[in-house]
Amino acid sequence: MIRYFEVKKRKFEFDSQTDIIFRIPVVFKEISEEKCHQSLSDRLESLKYGKRVLTRWRDKLGVNTSIIQS
1 MIRYFEVKKR KFEFDSQTDI IFRIPVVFKE ISEEKCHQSL SDRLESLKYG KRVLTRWRDK
61 LGVNTSIIQS
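If you use the numbering used here, the sequence shown corresponds to residues 1 to 70, in order.
It should be emphasised that the hints constitute simulated quantities derived from the structure, not laboratory data. Just to be clear, a hint being listed does not mean it is correct.
Distance condition first, Cα-Cα at most 25 Å in a straight line; then the derived DSS-like pairs of lysine-lysine [said to hold, decoys possible]:
id, residue 1, residue 2
1, K48, K29
2, K35, K51
3, K29, K51
4, K60, K35
5, K48, K60
6, K29, K60
7, K35, K48
Cβ pair distances, simulated, as ranges [stated by the list, open to error]:
id, residue 1, residue 2, range
8, I21, G50, 15 to 25 Å
9, Q17, H37, 27 to 37 Å
10, K48, I21, 30 to 40 Å
11, E45, R23, 14 to 24 Å
12, E34, R56, 30 to 40 Å
Quick caveat, the model's predicted, so the values are computed rather than measured. Ideal Cβ positions, reconstructed from N, Cα and C, are used throughout, including at glycine.
Please construct the entire structure, taking both the sequences and the accompanying hints into account.
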């Protein structure tokens, strides 16, 4: 997963306005929900980046480009 993130980060274009989509293992989402007792979407909203990191479909995570730029 970290290698996948690093590859995406290198290919990132600073003038892009579209979200970066990362694939995450489905089990990651399930474990997160089990440990935090709330959905991954709700957990992400409660964290620092709030609505700039979203779950997409079952196995994808959308990250706003403003997070990658910082």
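Hint check:
A C-alpha spacing of about 19 Å is found between K48 and K29, which places the hinted pair at or below 25 Å, so the restraint holds. Restraint check for K35 and K51: satisfied, since their Cα atoms lie roughly 21 Å apart, inside the 25 Å limit. Only pairs whose Cα atoms come within 25 Å are accepted, and K29 paired with K51 is accepted, the gap being roughly 17 Å. Taken as a hint, the K60 and K35 pair is honoured in the structure, with Cα atoms around 19 Å apart against an allowance of 25 Å.
Under the criterion of a C-alpha separation no larger than 25 Å, the hint pairing K48 with K60 is consistent with the structure, at around 19 Å. Simply put, K29 and K60 have alpha-carbon atoms about 10 Å apart, close enough for the 25 Å limit, and the pair holds. Only pairs whose Cα atoms come within 25 Å are accepted, and K35 paired with K48 is accepted, the gap being roughly 19 Å. Our hint of 15 to 25 Å for I21 and G50 holds, since their Cβ atoms are close to 18 Å apart.
The given range of 27 to 37 Å is respected by Q17 and H37, whose C-beta atoms sit roughly 35 Å from each other. Against the hinted window of 30 to 40 Å, the Cβ-Cβ separation of K48 and I21 comes to about 20 Å, which falls outside the hint. In this structure the supplied range 14 to 24 Å holds for E45 paired with R23, their Cβ-Cβ distance being about 21 Å. Between E34 and R56 the CB atoms are about 21 Å apart, so this pair departs from the stated range of 30 to 40 Å.
Going through the hint list in order, the structure does not satisfy hints 10, 12.
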